[in-house]
Structures are given as C-alpha cells and as structure tokens.
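So the sequence lines, in the order shown, correspond to chains V and X.
For reference, each letter of the first sequence is one residue, going 4 to 116 in the numbering used here.
For reference, each letter of the second sequence is one residue, going 7 to 121 in the numbering used here.
Keep in mind that a hint or two might mislead.
Taking lysine-lysine pairs in the DSS-like style, the calculated list, with each CA pair at most 30 Å apart, reads [stated by the list, open to error]:
{"hint": "1", "chain 1": "V", "residue 1": "K84", "chain 2": "X", "residue 2": "K25"}
{"hint": "2", "chain 1": "V", "residue 1": "K79", "chain 2": "X", "residue 2": "K28"}
{"hint": "3", "chain 1": "X", "residue 1": "K28", "chain 2": "V", "residue 2": "K71"}
{"hint": "4", "chain 1": "V", "residue 1": "K108", "chain 2": "X", "residue 2": "K47"}
{"hint": "5", "chain 1": "V", "residue 1": "K60", "chain 2": "X", "residue 2": "K25"}
{"hint": "6", "chain 1": "V", "residue 1": "K79", "chain 2": "X", "residue 2": "K46"}
{"hint": "7", "chain 1": "V", "residue 1": "K79", "chain 2": "X", "residue 2": "K25"}
To spell it out: a stretch of chain V is covered by chain X in this simulated footprint if at least three of its residues, at any positions, have a beta carbon under 8 Å from a beta carbon of chain X; those stretches are [as the list claims (entries may be wrong)]:
{"hint": "8", "stretch": "47-54"}
{"hint": "9", "stretch": "103-111"}
Just so you know, these hints were derived from the structure itself, not from any lab.
Glycine residues also receive a C-beta, built at the ideal position from the N, C-alpha and C atoms.
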Amino acid sequence: GQNIDQPTEMTATEGAIVQINCTYQTSGFNGLFWYQQHAGEAPTFLSYNVLDGLEEKGRFSSFLSRSKGYSYLLLKELQMKDSASYLCAVRDPTGGGADGLTFGKGTHLIIQP
Amino acid sequence: ETGVTQTPRHLVMGMTNKKSLKCEQHLGHNAMYWYKQSAKKPLELMFVYNFKEQTENNSVPSRFSPECPNSSHLFLHLHTLQPEDSALYLCASSQDTSVNTGELFFGEGSRLTVL
Numbered sequence: 004g005q006n007i008d009q010p011t012e013m014t015a016t017e018g019a020i021v022q023i024n025c026t027y028q029t030s031g032f033n034g035l036f037w038y039q040q041h042a043g044e045a046p047t048f049l050s051y052n053v054l055d056g057l058e059e060k061g062r063f064s065s066f067l068s069r070s071k072g073y074s075y076l077l078l079k080e081l082q083m084k085d086s087a088s089y090l091c092a093v094r095d096p097t098g099g100g101a102d103g104l105t106f107g108k109g110t111h112l113i114i115q116p
Numbered sequence: 007e008t009g010v011t012q013t014p015r016h017l018v019m020g021m022t023n024k025k026s027l028k029c030e031q032h033l034g035h036n037a038m039y040w041y042k043q044s045a046k047k048p049l050e051l052m053f054v055y056n057f058k059e060q061t062e063n064n065s066v067p068s069r070f071s072p073e074c075p076n077s078s079h080l081f082l083h084l085h086t087l088q089p090e091d092s093a094l095y096l097c098a099s100s101q102d103t104s105v106n107t108g109e110l111f112f113g114e115g116s117r118l119t120v121l
C-alpha cells in the first residue's frame with residue numbers, strides 16, 4: 004500500500020524559519036514533490052527531489068532521504084503570504100497508472116506577525 | 007494562471023441530475039488527470055489519461071465517467087451522484103516524464119455540491 008504522513012497544522016512567526024516533515028511508505032519510488040496551495044486556489048509546484056540530498060530554490064529548500072522514506076520542506080524568512088497548505092506527494096511507478104502522484108493530507112501553515 | 011482551465015468553477019446539483027466538468031490545458035502536455043479533494047483528506051487520484059488513452063481508473067464509482075477527446079481536453083461526466091461526492095475536483099496535466107520531472111500543473115478546480 005501507500006502511506007504519506009505529514010503534520011496537520013503548524014504555526015510560525017514572520018521572518019523565522021519553519022521545517023515541514025513528510026514520511027512515506029510506498030511500493031516504488033520515482034520522485035517526491037512539494038506543492039503549495041492557498042485557500043480556494045490550485046496547488047502550485049514548489050520542488051522535486053529524486054536523489055538524496057538538498058535542493059535549494061530561493062527561500063525554499065527540500066531534502067530527501069530515500070533510505071529513511073523521509074523528506075522535509077524548509078521555508079526561510081517567512082512572509083505572511085506563505086500561509087497556505089503544503090502538500091507532500093510521491094510518484095510510485097508500481098502504482099499502475101501513468102504518472103499520477105499520491106498525496107499526503109497536507110500541512111496547514113499559519114504565519115503570525 | 008497555470009495554463010489549465012476548469013469550468014464551471016462552482017456547481018450545485020441534485021442527486022438525479024446529469025452534469026459535466028470540463029478541463030482544457032494550453033501547455034502542450036500529453037497526460038491529464040482528475041483528482042478529488044475533500045476536507046481533511048488527501049488529494050485522491052481518480053483517472054489518468056496519457057496520449058488520450060485511459061491508463062488508470064482508481065476504483066472510482068461508475069457514476070463518474072471521464073472522457074478525453076484529445077490531449078488538450080478532459081471531461082468528467084456526473085450522474086446520480088451522492089451527497090458524499092461533494093468536493094473540489096481538480097484537473098491537472100503533465101509532460102512526458104522521460105524528459106523532465108513530470109510535475110503536475112493544476113487547474114483552479116470545480117467546487118461541486120450535491121444536494
């Protein structure tokens with residue numbers, strides 16, 4: 004089966020740093036994605052990891068450890084507009100479909116002044 | 007603007023109605039998807055089309071019927087739905103994963119309420 008876990012909700016302060024963790028158990032693995040979704044809007048792509056290590060993109064970084072089935076999304080210099088849900092998703096090529104992703108429930112991040 | 011357009015944005019229907027959701031992508035992608043997003047539940051993959059061919063039906067009830075006439079358009083036909091089918095239905099598209107990450111581009115979604 005497939006299982007992706009991430010915290011339901013987190014709170015952080017404007018200007019600070021926050022780390023959102025994601026653990027996964029899937030039959031196969033061909034990449035892990037992070038998406039951002041503001042209320043009432045479409046999810047938008049943030050990052051992609053397929054090899055172990057850290058990928059940095061501006062204020063956002065994503066880390067992957069395939070042996071541990073673990074990833075995190077690191078957000079630096081938090082801004083109020085970063086308040087959103089952050090979705091962790093895994094591509095499992097053994098799932099039978101083309102490239103459909105399996106998503107976690109999402110982490111609702113609240114930024115306080 | 008993600009390049010994926012969904013209509014209608016909001017839909018209210020009775021359990022005996024028949025309606026359709028439409029999705030159009032302007033990105034030249036070859037794969038299109040339907041996802042269901044319910045409160046406090048993860049995004050659920052419903053259907054996958056690759057080069058107009060359905061490659062996955064994730065045990066979705068037959069009251070949901072997809073149609074993909076070409077690589078740019080995707081429909082979800084709805085009939086005799088149940089109140090628990092009320093959710094946000096998201097369409098997405100992606101490019102061939104052999105040449106890039108295959109990230110999904112999502113539309114804004116169609117908010118469906120079944121009375």
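Quickly compare the C-alpha distance for V/K79 and X/K28 to 30 Å and report which way the hint goes. Not OK: V/K79 and X/K28 at ~38 Å, beyond 30 Å, violated.
Straight-line alpha-carbon gap X/K28 to V/K71, limit 30 Å: Violated - the C-alpha atoms of V/K71 and X/K28 are around 40 Å apart, more than 30 Å.
Verify the proposed pairing of V/K108 with X/K47, using a straight-line Cα cut of 30 Å. holds (5 Å)
Next pair to validate is V/K60 with X/K25; report whether the Cα-Cα distance is within 30 Å. Given pair V/K60, X/K25 is violated - Cα atoms ~42 Å apart, limit 30 Å.
Straight-line alpha-carbon gap V/K79 to X/K25, limit 30 Å: violated (44 Å)
Cβ contact check, 8 Å cutoff: the stretch 103-111 of chain V against chain X, three residues minimum: holds (count 7)
Can the restraint linking V/K84 and X/K25 be considered satisfied, given a maximum Cα separation of 30 Å? Answer violated: V/K84 to X/K25 is near 36 Å, above 30 Å.
Does V/K79 pair with X/K46 here, judged by a C-alpha cut-off of 30 Å? OK: V/K79 and X/K46 at ~26 Å, within 30 Å.
Closer than 8 Å, Cβ to Cβ, for at least three residues: run that test on the stretch 47-54 of chain V against chain X and report holds or violated. With 4 residues close enough to chain X, the hint holds.
In summary, the numbered hints that this structure violates are 1, 2, 3, 5 and 7.
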